[in-house]
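Q: When you get a sec, could you build the whole thing from the sequences and use the hints?
The chain contents come next:
2 protein chains.
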Amino acid sequence: MKKIVLIILMSVIHQSISSQIKPSEKYNLMPWPQHILENKSVFKIDKSLTIGIFGEDTEKRVEKASIKFLRRLANRTGVFIDKGFPIKEKKASIIINFDTVSVLNINNNESYSLDIQKDKILINAKTDVGVLRGLETLLQLVNFNKNEYYFEGVSIKDSPRFVWRGLMIDAARHFQPVAVIKRNLDAMASVKLNVFHWHLTDDQGFRVESKVFPKLQEIAADGLFYTQEQIKDVVKYASNLGIRVVPEFDVPGHASAILAAYPALGSKDNYKYNVERYSGVFDPTLNPSKEVTYLFLETLFREIAPLFPDEYFHIGGDENEGKHWDSNKEIQDFKKKNNLKSNHDLQTYFNIKLEKVLNKLGKKLMGWDEILTPSTPKTSVIHSWRGKHEGLEQSTLIEAAKKGYQAVLSAGYYIDRMLSVDQHYSVDPIGNAILTKEERKRVLGAEATMWSELVTPLTIDSRIWPRTAAIAERFWSSKKVIDIKNMRKRLKVINFQLEEIGITHLRNKNVILRNISNNTENGSLETLTKICEPLKVYSRNKGGTEYKTFSPFTLFADACSADAEDALVFNNLVVSYVKNRDAKSLNKIIIHLNIWIKNHNDFKQLDHNPIIESLTALSKNTSEVSKLLLDAILNKKISNKNISKGEKLIEKLKTPTEDVEVVIVESFNKLLYFCKKNYLKR
Amino acid sequence: MKKIVLIILMSVIHQSISSQIKPSEKYNLMPWPQHILENKSVFKIDKSLTIGIFGEDTEKRVEKASIKFLRRLANRTGVFIDKGFPIKEKKASIIINFDTVSVLNINNNESYSLDIQKDKILINAKTDVGVLRGLETLLQLVNFNKNEYYFEGVSIKDSPRFVWRGLMIDAARHFQPVAVIKRNLDAMASVKLNVFHWHLTDDQGFRVESKVFPKLQEIAADGLFYTQEQIKDVVKYASNLGIRVVPEFDVPGHASAILAAYPALGSKDNYKYNVERYSGVFDPTLNPSKEVTYLFLETLFREIAPLFPDEYFHIGGDENEGKHWDSNKEIQDFKKKNNLKSNHDLQTYFNIKLEKVLNKLGKKLMGWDEILTPSTPKTSVIHSWRGKHEGLEQSTLIEAAKKGYQAVLSAGYYIDRMLSVDQHYSVDPIGNAILTKEERKRVLGAEATMWSELVTPLTIDSRIWPRTAAIAERFWSSKKVIDIKNMRKRLKVINFQLEEIGITHLRNKNVILRNISNNTENGSLETLTKICEPLKVYSRNKGGTEYKTFSPFTLFADACSADAEDALVFNNLVVSYVKNRDAKSLNKIIIHLNIWIKNHNDFKQLDHNPIIESLTALSKNTSEVSKLLLDAILNKKISNKNISKGEKLIEKLKTPTEDVEVVIVESFNKLLYFCKKNYLKR
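Line order of the protein sequences matches chains A and B. Under numbering that gives the first Met the number 0, the first residue of the first sequence carries the number 0, and numbering increases by one thereafter. Under numbering that gives the first Met the number 0, the first residue of the second sequence carries the number 0, and numbering increases by one thereafter.
Derived from the structure by calculation, the hints contain no laboratory data. Mixed in with the good hints, there may be bad ones.
Since the list gives no way to pick out one identical chain from another, each pair is judged satisfied if it fits inside one copy or across any two copies.
The calculated BS3-like cross-link candidates involving lysine-lysine, where the alpha carbons are at most 25 Å apart (straight line), are [as the list claims (entries may be wrong)]: (1) 597 - 587; (2) 210 - 235; (3) 231 - 210; (4) 214 - 82; (5) 43 - 541; (6) 181 - 603; (7) 231 - 214; (8) 647 - 235; (9) 181 - 235; (10) 59 - 647; (11) 43 - 547; (12) 401 - 377; (13) 59 - 547; (14) 352 - 402; (15) 231 - 181; (16) 46 - 210; (17) 547 - 87; (18) 626 - 25; (19) 67 - 547; (20) 676 - 363; (21) 402 - 340; (22) 181 - 67; (23) 67 - 214; (24) 334 - 145; (25) 359 - 675; (26) 619 - 145.
A: Structure (structure tokens):
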């Protein structure tokens, strides 16, 4: 009897404790919803689960999403759900209601409510796309105990902060096949992104089939391009997910590939235009002084624009240094004749002409922020890519919005720089800027950008994910959702769940490690990837000439990614220990050091080929510093000789090798300094 | 001086030893070539490597293959090859010569010679496709030391034993997207397979877009089908690899999906035809007594046949039990009127009509061996699937060839049965049959068949590979190449190299293990996969009604595959030890037992959800038997109680659980019997 009382008492206490836990600590939702209320229900997932759709699903978005939902739920839980397709009956256990079918544009309503009760789940939305957002939230609420899987009992009301939440993928530098695009669209939808910006042309390739100008794919694509059928297929696939597709055709610069196919459009006579193999900013530029250039572009856009139903059409317009314009007398004369003072003015002239072409095709011209000049028509859309990194106090986004332009931000979300998720997550698109209601409305939202100079279909997922999931939260959730520690906790789960969609970031890491070790990887390489990160902010591929487009991207650096997981933990431990001298941190530090000491023994067992050889110093030096520090810590003494030895080893580890940096090296330094201060034998 | 003499002497001895090593022990070629001679050259792979193509490459097969070769070589070795495309100059380091462009048919010449010298590699072939075969051989000859990668110096002359070397993929039971098909085509080419048999329709789905009969994809495909553009793309992709594509449209049986779309073609009135969700042999059958059936098929084939340039067109024709025919009075009357005594006769009548339709379209009718009846036209092609397993003394292949039919064998190569590679490798298509020259010529070759009832895009690669590589050797290499141990040694390397082509068999295993363990997999599940195999010969999914097409295939059984690697090793050790009582085997047995004992501790650390719970007994019983056996072996004694306990545990382990069998259980039994015999305390 006493026992029972005690159990009841404990359970009451437990409940009251658990009810104090913040929802954000309990649930791994991302993006975090606007409103969430817990109820005490649990909806058991078993074979009897059914979905009923109520609403005119004329685009079949909800039906398709429901089928995918059922497949993912069955595959994740192993439950043999009996009805594999939505049922017609009102007695379905998941009841979906919506009013209208979305037109995919910036005014689309994506709000939804989700209510999970004991025997029933209700999803209500204004639009079909709202339902899709709700289904993704529901899938993030699957939990289990050892007897069953269930949905957590919560009531959610949710809607996005920004109407434009994008991911740009550069398919020009390295071509990304349809399968890569589709799996990333699925992943985008899973974190409620709604704009896929498809960077389709650049110096390194023109990736769209043109029937009018077939040389574009014959000469300018190395055989790697999307057919028009494939583009339609991708656009339809995206539409099914409630994702708009904004294509980018980069002109007048970034046009080496176009000019390799049609050199007559170039700004420099007798220049040998080639598809570019290196990275960087190049001189080949379309000639804005010739009518044929506009004729070419109008004809091309007339052919290609209809493939993309979206109203926005991105023309790039960035990074034109105008060198070929300067060296062309005709172009200089043209500038004078038209009273164009600078190359910037000339480019604006070009953009204005292009805007008229696009307007005729029902399109809004969008371009990178270089297109913003005093005479740029207000109907243009500014894509802000320059900000603090480029020496500006504030991104060009706010300036554009204040000047009357619709604007989208990418400064701060350049995921190809390989920076920590914390940095991107901490960038608020608006920040402290004070905007009028009209100005705020012109800030459409933001996009993460995946430039592909250094990524291939094998590695691109690991550069996009999981960081883009946290960025997606920045674009969707309240400005107040900023707790990095909590974000990281949730991201860890979301990261792994991306696998079920087909994202290859986790699985392909070991593919690379097996490859470089001739299939002898024994965990030692993986241990190193957890303390190494690829060089950041374009210091890999310095000057753009270390790698060609066809160079190997199957190297150790390609198996590493931002936010190396052991480094993150270790660096925090060292900060804590040096500050607090706590035994708990110390014990964990010792475990880490031991792992790295021993790891070099495993490393030596690998088949040594030239790639493994080139990593030996990294492995050995890490092991030796760890040993030296461990000895000092355990014995509470260190000699001057060992301090000097440690400093030298740390210096070596600081030097980037094989395109990675060892991101625990500062912690090694702190520990060494700590030992020197406290344990030096004098 | 003495030292130098000694070194020279040792090196002479070493050379003479190494020259005694058989090439098949040294090189990991698969399929093994017809002639190989070693020379002492080594061709160093560095950035200066270039390819020159000499021959009229009008189909661009060699150019495309050369570019792929350069990418794979760079990615495998990390070498930054300077020229990423073939060069025009005669001074290229890899010189390719060929005479003609292949027409892809059974008379195509695929022979080639490959000569690797110190500074030059020569590939000579009659045809472009022959060159492709040679390039794949060359890629299998990459080796390395710690300083460099190089090609082994050999001279090879090679040609295939059979002209038809196929892989069938069933895209009907579970749809396989284009990306799955393409990566498998690449893998096929890497082991010199040359026929892709595409099983496109069955009870569970009609997977081809028809513009004439759009209900086929609208009603009979659940939205999962190939567009005509995609089919053309796949056929072109295959052609670039020197692979023919033979489509299969299964009629008159296996036609539930067709009849769900067009019930008027069915044999049973008022029958509710549905796309089938289960597996097995079903009754819905086209009605052979109605003219509209032939009109439908002729119209459909007229539309679809042109997508497939190959001369052979597979109509299935198998497993029609004729139940709906028996129950249809009109059909019975039709049989009488046409003097057709049996349903088999009626089906032959149907086939003869169909053959005429196909002949008009320039196609040869091919069908599973049920189509072979006395009145079957000699122009038909027999696909032999029945053999020993179905109670026949010999496969129907030989019978067909002797009767005057061209024939292709699949009996013995049903890889979906999940049998060991040894079994398939040991099946010779002709065996001891004595054939005339003409009969032999009619034996075109053979095909592995990947039926997809139990596989999805996530798992299909692990069911096809690596076993199909060994089967490909059976189809290409000399009949005398039969050493299983040597095959296994080479297959181990080929298996891993398939990853670089994009085959996902290795990487997706851990995706499944992470999924079922909620990302807590710590190696314990993987250890279990190395001693467990999925149930064989259709005992998984008994009666075809355990799994529906949309049931989860992300279970533990899906992470297991044939030829579980630790089981293979352990079973050999036990055989050896019980026979020879050798310490070497015993030591290794002890290591294995210790791993399994400890593994259960790790297993207990996993997040326990219902799936993990269901595996607990397997993990625990394996651990306990191992402990019991280890104790007995180390102490050289065992009690009657422990024998009885061991027997009970082994009995439990023998019972399949979660669709797998523990394939070391017989070895456990042997060890227990050994202990009983030798160590029992009386």
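Q: Indicate, hint by hint, whether the structure satisfies it.
A: Right, here's what the structure says about each hint:
When the C-alpha separation of residue 597 and residue 587 is checked against a cutoff of 25 Å, the pair qualifies both within a copy, at 16 Å, and between copies, at 24 Å. Both within a single protomer and between protomers do residue 210 and residue 235 lie at most 25 Å apart by alpha-carbon distance, with minima of 21 Å and 19 Å respectively. Taking the shortest Cα distances, residue 231 and residue 210 sit within 25 Å of each other both inside one copy (15 Å) and across copies (18 Å). Proximity of residue 214 to residue 82 under the C-alpha cut-off of 25 Å is restricted to the inter-copy arrangement: shortest distance 23 Å between copies versus 50 Å within a copy.
When the C-alpha separation of residue 43 and residue 541 is checked against a cutoff of 25 Å, the pair qualifies neither within a copy, at 55 Å, nor between copies, at 28 Å. For the identical chains of this complex, residue 181 and residue 603 are neighbours neither inside a copy (40 Å) nor across copies (37 Å), given an alpha-carbon limit of 25 Å. Taking the shortest alpha-carbon separations for residue 231 and residue 214, both the intra-copy value of 21 Å and the inter-copy value of 21 Å come in at or below 25 Å. When the C-alpha separation of residue 647 and residue 235 is checked against a cutoff of 25 Å, the pair qualifies neither within a copy, at 58 Å, nor between copies, at 58 Å.
Proximity of residue 181 and residue 235 under a CA criterion of 25 Å is satisfied in both settings, with 11 Å inside one chain copy and 22 Å between copies. In the homo-oligomer, the alpha carbons of residue 59 and residue 647 never lie at most 25 Å apart, since the shortest distance is 64 Å inside one protomer and 55 Å across protomers. Proximity of residue 43 and residue 547 under a CA criterion of 25 Å is satisfied inter-copy only: 21 Å between copies versus 53 Å inside one chain copy. Taking the shortest alpha-carbon separations for residue 401 and residue 377, only the intra-copy value of 11 Å comes in at or below 25 Å, while the best inter-copy value is 81 Å.
Proximity of residue 59 and residue 547 under a CA criterion of 25 Å is satisfied inter-copy only: 23 Å between copies versus 44 Å inside one chain copy. For the identical chains of this complex, residue 352 and residue 402 are intra-copy neighbours only, at 21 Å inside a copy versus 75 Å across copies, given an alpha-carbon limit of 25 Å. Proximity of residue 231 to residue 181 under the C-alpha cut-off of 25 Å is found in both arrangements, the shortest distances being 12 Å within a copy and 20 Å between copies. In this homomeric assembly, residue 46 and residue 210 never come within 25 Å of each other (Cα to Cα): the closest approach is 51 Å inside a single copy and 37 Å across copies.
Taking CA atoms no more than 25 Å apart as the test, residue 547 paired with residue 87 passes between copies only; the shortest distance there is 20 Å, against 56 Å inside one copy. Taking the shortest Cα distances, residue 626 and residue 25 never come within 25 Å of each other, neither inside one copy (39 Å) nor across copies (40 Å). Taking the shortest Cα distances, residue 67 and residue 547 sit within 25 Å of each other only across copies (16 Å), while inside one copy they are farther apart (39 Å). In this homomeric assembly, residue 676 and residue 363 never come within 25 Å of each other (Cα to Cα): the closest approach is 64 Å inside a single copy and 87 Å across copies.
Taking identical chains as interchangeable, the C-alpha atoms of residue 402 and residue 340 lie at most 25 Å apart only when both belong to the same chain, with a minimum of 22 Å there against 88 Å between chains. Taking CA atoms no more than 25 Å apart as the test, residue 181 paired with residue 67 passes in both settings, with 14 Å inside one copy and 23 Å between copies. In this homomeric assembly, residue 67 and residue 214 come within 25 Å of each other (Cα to Cα) only across copies, at 22 Å, whereas the closest approach inside a single copy is 39 Å. Taking the shortest alpha-carbon separations for residue 334 and residue 145, neither the intra-copy value of 75 Å nor the inter-copy value of 60 Å comes in at or below 25 Å.
Taking CA atoms no more than 25 Å apart as the test, residue 359 paired with residue 675 passes in neither setting, with 72 Å inside one copy and 90 Å between copies. Taking the shortest Cα distances, residue 619 and residue 145 sit within 25 Å of each other only across copies (17 Å), while inside one copy they are farther apart (43 Å).
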